[in-house]
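Chemist: Read off the chains here:
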Amino acid sequence: MLAKRIIPCLDVRDGRVVKGTRFINLRDAGDPVERADFYNREGADEIVFLDITASVEKRRAIIDVVEKTAEVVFIPLTVGGGIDSVAFMQELLNSGADKVSLNTAALKDPGLIQAGAERFGSQCIVVAIDARRSEQRKPDDSLSWEVYSHGGRTTTGRDVVEWAREAEKLGAGEILLTSMDADGTLDGYDNNLLSTVTDAVGIPVIASGGAGTLEHLYEALTKGKAHAVLAASILHYGTYSIAEIKDYLSQKGLPVRPVKN
Amino acid sequence: MSSLVIIDSECANLNSIYKAAKYVALEPVISDDPQTIASARGIIFPGVGSFAHAASLIDRKKLTGSLLKAIKAGIPFLGICLGMQLLFARSEEAGLNSSVEPAEGLKAMPGEVKRFPAKLPVPHVGWNRVQPVSNDPLFGELDRNSNGGAYFYFTHSYYVQPENRDYILGHTDYGFLFTSAVKKDNLYGVQFHPEKSGPAGLRLLSNFGKIIADKKD
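Order-wise, the sequence lines are chains C and P.
For the first sequence, position 87 (counting from the first letter as 1) is numbered 87 according to the numbering used here, and the numbering increases by one without interruption.
For the second sequence, position 44 (counting from the first letter as 1) is numbered 44 according to the numbering used here, and the numbering increases by one without interruption.
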């Protein structure tokens, strides 16, 4: 059976990790390569680098990070943040990334999803969606969520289900779905949002935003029907180790890849 | 003479395979040169993307002859992901039971490549177990029987169906059992990505290195 994936997400700015306090046993807690390798050894199933570098000139730093990480970490690496061309996707994949995650640029030009999928295959293309609960309900009175761009700062007026379906049709291989309402609250994932999207598309959905307890992860994977969970704070602040998470999920009957595989 | 040649199929995971092979102390070179391939002691044939695109690339690079010659000579050969599917003649992704651009694989392994049933989430992406069906050195020291085999990383929408069950080396449960590893003499194929499968994947690559070394002796 396909295992449920636990995916640490590292925010990287100018080639340095910018979140987290836990890494007392690392020589350099801000080094993304060391952090990625730390999680890799802990039993992470995948690593996501989210590049939040503000200036375009410093963007190249992420290429260097990916290249060095791929020398020592042999699990899938996904890179997101500011990817706006097939050429940049190519550079990231050549440097050792396995997937690229598209967000704002894909909303501006959905053709980018298709171009990437045709060139590199759907398995390389993740579409990241930042969603917020909408005041408006659907005609059938069900809940709806709106898609935001530019790191959640800009409203797009698009419905999350509609955009997820379009992304799938254009060739996305996975959807990374962040609830802006839940993100940072530690109150749990938005499982309504998750199950609405997982029911609407055939491709795997990665849950993001809101994890505070082990139960939250379990609920996202069961109630939310997510295929994988992205976690940041609970890992970075040392609330739980990946081994603790996997032990818990395994005891609850979910298939996970053992830390010692 | 190079011990291990990784065929330059211009796919995105070429460098990852190179790095992983190097990490387990193999000495890989990436090449599409017929002479280099002819003198190889072992060959890794990677591929991602579409069957038709990869088949036409092999054709354009005139690699078919060199690859088949190496396979026929019994040089240890490992096809990875699409590289495994290309060992077969035909795929539902290109011409078989469909109207899209027909393309032919290497026909080194009898059988077909099929698409996962529509009721399953496709692509099959993530970590799944591979249960080897025999004691083969490729899966040496990897979890075999105790709890269903070691986990490896998969990402694919099509799977192989060998004509002869004897060629099945391992299978994986995705709602039904599909063939995730094949073997015919020294010709191996794996559907998963050993270069992205953590310690288990590195072990498998290192095992392939041992198969090469043993063949040499």
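No lab work stands behind these hints, which were simulated from the structure alone.
Be aware that a few hints might be false.
Claimed, not checked - List of simulated lysine-lysine pairs, DSBU-like, C-alpha gap at most 30 Å:
| no. | chain 1 | residue 1 | chain 2 | residue 2 |
| --- | --- | --- | --- | --- |
| 1 | C | Lys-169 | P | Lys-119 |
| 2 | C | Lys-19 | P | Lys-19 |
| 3 | C | Lys-68 | P | Lys-22 |
| 4 | P | Lys-210 | P | Lys-22 |
To be verified - Here are the computed distance ranges between Cβ atoms for each label pair:
| no. | chain 1 | residue 1 | chain 2 | residue 2 | range |
| --- | --- | --- | --- | --- | --- |
| 5 | C | Tyr-237 | P | Phe-176 | 33 to 43 Å |
| 6 | P | Glu-141 | C | Gly-202 | 34 to 44 Å |
| 7 | P | Asp-59 | C | Arg-119 | 50 to 60 Å |
| 8 | C | Asp-199 | P | Asn-135 | 15 to 25 Å |
Just so you know, these numbers come straight off a predicted model, no measurement behind them.
Every residue, glycine too, gets a C-beta built ideally from N, C-alpha and C.
Chemist: Confirm or reject each hint.
Modeler: Here is what the structure says about each hint:
1. C/Lys-169 with P/Lys-119: Given that 30 Å is the threshold and the Cα spacing comes to 17 Å, the pair holds.
2. C/Lys-19 with P/Lys-19: holds (29 Å)
3. C/Lys-68 with P/Lys-22: This hinted pair holds, its Cα atoms lying about 14 Å apart.
4. P/Lys-210 with P/Lys-22: Given pair P/Lys-210, P/Lys-22 holds - Cα atoms ~14 Å apart, limit 30 Å.
5. C/Tyr-237 with P/Phe-176: 33 to 43 Å: At roughly 42 Å between Cβ atoms, P/Phe-176 and C/Tyr-237 fall inside 33 to 43 Å, so the hint holds.
6. P/Glu-141 with C/Gly-202: 34 to 44 Å: Cβ of P/Glu-141 to Cβ of C/Gly-202: about 37 Å, so the range 34 to 44 Å holds.
7. P/Asp-59 with C/Arg-119: 50 to 60 Å: With a Cβ separation near 19 Å, P/Asp-59 and C/Arg-119 fall outside 50 to 60 Å, so the hint is violated.
8. C/Asp-199 with P/Asn-135: 15 to 25 Å: violated (44 Å)
Going through the hint list in order, the structure does not satisfy hints 7 and 8.
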